[in-house]
Amino acid sequence: MGSPGSTRFIFLARLLVFFLIFYFAWHMLTPLYNRALAPAALLLVKASEIGGLHLTRSLQPEGEYIFVQHLASVENPESAVRIKTRVIHFDLVLLSALIWTVPKVSRKKRVKILLAGLAILFPLHLVKILLFVKHEYSLHIQIDGVQYWSPFLRSTYKYLADFIVLIANQVVPVVIWSLLYVNLWWRKSRIAYVKS
Amino acid sequence: MRQTMPKKRFQRSKPPKPEVGRVGLFKSKKMPWALLKIYAFFACSLAVLFVVLTNGFVATKVMQPFTAFVALFSSLLLNLFGSETWTSGTRLLSSDYGIDVVYGCNGAFATAILLSGIIAYPAGAKAKLLGFAMGIPAVFLLNQLRVTSLFLLGRSHPGIFDEVHVYVWQPIIIIFAIFVWDFWARHFVGKPRVNEVHLSG
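Read top to bottom, the protein sequences are chains P and S.
Residues -14 to 181, numbered by our numbering, are exactly what the first sequence covers, in order.
Residues 854 to 1054, numbered by our numbering, are exactly what the second sequence covers, in order.
Heads up, some of the hints might be wrong.
Derived DEER-like restraints, expressed as beta-carbon distance ranges [as the list claims (entries may be wrong)]:
#1 T141/P x E937/S: 38 to 46 Å
#2 G951/S x E60/P: 35 to 43 Å
#3 V2/P x H1018/S: 18 to 26 Å
#4 K31/P x Y950/S: 44 to 52 Å
#5 I1013/S x V2/P: 19 to 27 Å
#6 G935/S x V90/P: 46 to 54 Å
#7 R95/P x D1035/S: 16 to 24 Å
#8 S140/P x H1040/S: 37 to 45 Å
#9 E63/P x A986/S: 46 to 54 Å
#10 I6/P x V1019/S: 16 to 24 Å
#11 P108/P x F910/S: 45 to 53 Å
#12 W886/S x V2/P: 35 to 43 Å
#13 L100/P x L889/S: 20 to 28 Å
Just so you know, these hints were derived from the structure itself, not from any lab.
We treat Cβ as the ideally placed atom computed from N, Cα and C, and that holds for glycine.
One chain only, chain P, in its complex shape (with noise of 0.2 Å):
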């Protein structure tokens, strides 16, 4: 066993390698998983419009980005709202990469361990897109020259969206890297405890 420095030096350079592959790999499969993304969130979106204002038509996956069409996009489409898919989701390199760094794990055990990070994720990024989507109607959409939105939500919905992009996407997944392996970590501890 090295000392604790060189064991954070190791742990620093497999950790690069590991983002720079998940990295590369992210960049080739995004459009795969906003084809799998983009449906559950228009049903979440659709969710979050009974009872009120029913605006969304379509989420479109195209490339790194998401297109949603809306009531005011059918007439003219460059109004719809777009997002870049990659904000979003940048998350699952760094989770995967730190999932995949840790030493001493079982290649099963990690694979399990990455399923259920990409399991927790996966509703995080559709009620990411939730709000991005919200947060672009409350700026851009006027019924009749007035605002639908009152001021309160408009500035939740960016105060929630700004959370994201500057806090959420990049403690999140360090947060569920940490909660699962402490997990691990206080299992095998309880059963070697148990046996003693």
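Following the hints, position chain S against chain P.
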């Protein structure tokens, strides 16, 4: 004739379970609240710091001048290495290129993440203050490196500026914050005192 002694019933001697200690954590079948409490505390601290940093008064009276200072410091660094740059508010300019150091790029939010980690970790007040004193300048300096390198990169390769800005530097900052936090926890706090939290919680 053999004399038989009455057999002594073998008694398993159980080691006394320590009341205070790491093993105390493993009594429960579920992951202890003490560990989850640290995460909850971290999330709350982060939310509070985010609210403070995005508050209108703080944003205009503190963060705006601070962002201008970040741009100025970057300009000084660049000039030190032979570039001819100047600033105008939060904008960092040269004769052929310019960037605007926006609110999210001044390192304040990365610092908030680190500070939340320090606040949430079970340690004494003195150790936490030491963590603040060490963490804030560390993140500030790395952010200066980020702004300076992005300016140079944007001037020479504008096509990859956004890619590096969003997808390379952001993970670097968060990983750096984790390492600073880890360094602080190992050198200034010592062994984790989760057990004490468990008992008190």
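Taking the CB of G935/S and the CB of V90/P, does the distance hold inside 46 to 54 Å?
holds (47 Å)
Y950/S and K31/P - C-beta distance against the hinted 44 to 52 Å
45 Å Cβ-Cβ, so the 44 to 52 Å window holds.
Using the beta carbons of V2/P and H1018/S, state whether their distance is inside 18 to 26 Å or not.
With Cβ atoms ~22 Å apart, the hint holds.
Given a hint of 45 to 53 Å, does the C-beta separation of P108/P and F910/S actually sit inside it?
Given range 45 to 53 Å: violated, Cβ gap about 36 Å.
So the hint says 35 to 43 Å: do the beta-carbon atoms of G951/S and E60/P match that?
Roughly 39 Å apart at Cβ, these two residues keep to the hinted range, so it holds.
Should the hint that W886/S and V2/P are 35 to 43 Å apart at their CB atoms be regarded as holding?
holds (37 Å)
Starting from the range 46 to 54 Å, see whether the pair E63/P and A986/S falls in it by beta-carbon distance.
52 Å Cβ-Cβ, so the 46 to 54 Å window holds.
Given a hint of 38 to 46 Å, does the C-beta separation of T141/P and E937/S actually sit inside it?
Holds: the Cβ-Cβ distance is about 44 Å, inside 38 to 46 Å.
Taking 37 to 45 Å as the hint, is the beta-carbon distance of S140/P and H1040/S inside that range?
holds (42 Å)
Does the Cβ-Cβ separation between I1013/S and V2/P fall within 19 to 27 Å?
This hint holds: roughly 20 Å between Cβ atoms.
When you take the CB atoms of R95/P and D1035/S, is the distance between them in 16 to 24 Å?
Holds - the Cβ-Cβ distance for R95/P and D1035/S, about 21 Å, lies within 16 to 24 Å.
20 to 28 Å as the expected CB spacing between L889/S and L100/P, which holds or is violated
holds (22 Å)
Violated hint for the displayed structure: number 11, the only one.
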